Amino acid sequence: MDCQEAKRLLQADVDGELDAAGSARLAAHVADCAECQAERAALHDLKQALRQGQTHAAPEALRRRIKLAIEDTARKEAAEAAAKAPLKKAPFKLSWAWLNGGVAGVGTLAFAFMFTLYLSRPTDVDLLEQDVISGHARSMMVTHLADVASTDQHTVKPWFAGKLDFAPNVADFTTQGYPLVGGRLDYVDRHNVAAIVYHHRLHTINLYEWPERGHTAAPALSVSREGYQLLHWNENGMQYWLVSDMNAQELNEFKDLLIAQVEKSEQR
Amino acid sequence: MDVTDKTREFEAIVMPHLDAAYNLARWLTRNDHNAEDLVQNATLRAFRFFDGFRGDDARAWLLTIVRNAYFTSLREERHDHVAFDEELLGAEDEEGAAMPAAVAAGPEEAMMTNDTRRQVNQALEKLPPAFREVIVLKEMNDLSYKEIADIAGVPLGTVMSRLSRARKMLGEFLKSGR
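Protein sequence lines correspond, in order, to chains A and B. According to the working numbering, the stretch in the first sequence is residues 397 to 664, in order. According to the working numbering, the stretch in the second sequence is residues 32 to 209, in order.
For the record, the hints were derived by calculation from the structure and aren't laboratory data. Treat the numbers as computed from the prediction; the structure is a model and nothing was measured. Idealized CB from N, CA, C, for every residue including glycine. Don't take every hint at face value.
Unchecked claim - Per the computed footprint, the stretches of chain A lying under chain B, defined by three or more beta-carbons under 8 Å from a beta-carbon of chain B, are: (1) 406-419; (2) 438-452; (3) 455-467.
What the hints assert, rightly or not - Listing some non-contacts, in silico: residues in chain B with all C-beta distances to chain A over 10 Å: (4) G83; (5) R90; (6) A100; (7) S104; (8) L105; (9) E108; (10) T189; (11) S207.
To be verified - Pairwise CB distance ranges, derived in the manner of DEER restraints: (12) E108(B) with A427(A): 47 to 53 Å; (13) E108(B) with A417(A): 42 to 48 Å; (14) N65(B) with A424(A): 44 to 50 Å; (15) D398(A) with P47(B): 41 to 47 Å.
Please model the complete structure; the sequences and the hints are all you need to start from.
Rendered as structure tokens:
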């Protein structure tokens, strides 16, 4: 072993990294080599000197701080894990939950919507009212108040014969302030009906008459619709609808007249 | 791993090496405040990656994280990598130079005083970080070449040459400081 190799191995030897065989060979060389002895001594001395180098222990405050920081981090990680865990399982479950909720929600909404529609659906009576009012309004708009214009009930009533399968009650109430104006055919509730027109001062009154025809007629009523007064009653298998822009009280008086007249004609 | 278990295991396996970590950090940074920051950051980083720790040497693992954190921050401070490497490794010198005789000599070395300690500390602080690192790991933590090579992420031969070079420099510093 020459000095160059020995110097290379000296460090490993003092650091305890040289195997026993290498260590023995090195020792043999160093024993005969002053230069290598000095080198080895220097290395030993330096090692000794470096033991005097300060070793720093972690300050207690740092230790505590780190412990707290770790616990804080652990809490955050636990929270993250807790937040992640349901998410991992959830997409499937969640989507079904949503679907269930959605279906239920849509179903409920649909039902609510249909129910609302059902509730707001015009009833038969509502439709009748509309028909009657429309008929009245139409009769006022055009010069079509009467197909047969006559103040004579004996002209008006026969006019309906052959046009209707029933004979409407027609009477003149001129003396009571309700002169007969005429009559015309109208169409209400899918029926051809008789419309008898009366006047009361400047008001026009339409009296619709048609038989009940099996299905139960709407119950008697007195309502105000769109500025028109509606009066309805049933009598002797006939239904009567009075519509006018008169007030309810006057229309009721006229109704009483009509009923009295009908009863009188029945007795005849 | 449950977070509570992880915390317990970490405290049992890694925390005992906090002193070694702090010593290395303190010698690398040469400053109490920076050393504490470095160790705290490194330890928390270790905790976060503790799930991935499969090794049997928690000390080497923690020291690796500390020194990597330090050299990363050093590199981030230095935008000029050439300058960084120069500071890290110091100027090249001739291979196989003899130990300065003055250090080798001196029977009075046996009489270690506070003065000697101060000189040693100063000499260690003067070493470029890469050399200081291997010396601290070797002389203070008594790690093997292999362990130092793993921690510093360099080949074993590099550890040996850095140690040799570091010792020569230390010898010179101690000689001139006397």
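How the hints compare with the structure:
1. 406-419: Since 4 is at least three, the answer is holds.
2. 438-452: holds (count 14)
3. 455-467: With 9 residues closer than 8 Å to chain B, the stretch 455-467 of chain A meets the three-residue bar; holds.
4. G83: 14 Å, holds
5. R90: Fine: 13 Å to the nearest Cβ keeps R90(B) off the interface.
6. A100: The assertion about A100(B) holds, with a minimum of 14 Å to chain A.
7. S104: 18 Å, holds
8. L105: L105(B) is indeed farther than 10 Å from all Cβ atoms of chain A, at 19 Å.
9. E108: Check passes; 22 Å lies beyond 10 Å.
10. T189: Non-interface label stands for T189(B): nearest chain A Cβ at 14 Å, farther than 10 Å.
11. S207: Per Cβ check, S207(B) is outside 10 Å of chain A; nearest 14 Å; holds.
12. E108(B) with A427(A): 47 to 53 Å: Distance hint for E108(B), A427(A) holds at roughly 50 Å.
13. E108(B) with A417(A): 42 to 48 Å: Holds, at about 47 Å.
14. N65(B) with A424(A): 44 to 50 Å: With a Cβ separation near 48 Å, N65(B) and A424(A) satisfy 44 to 50 Å, so the hint holds.
15. D398(A) with P47(B): 41 to 47 Å: Since the Cβ atoms of D398(A) and P47(B) sit about 45 Å apart, the hinted range of 41 to 47 Å holds.
The structure agrees with every numbered hint stated previously.
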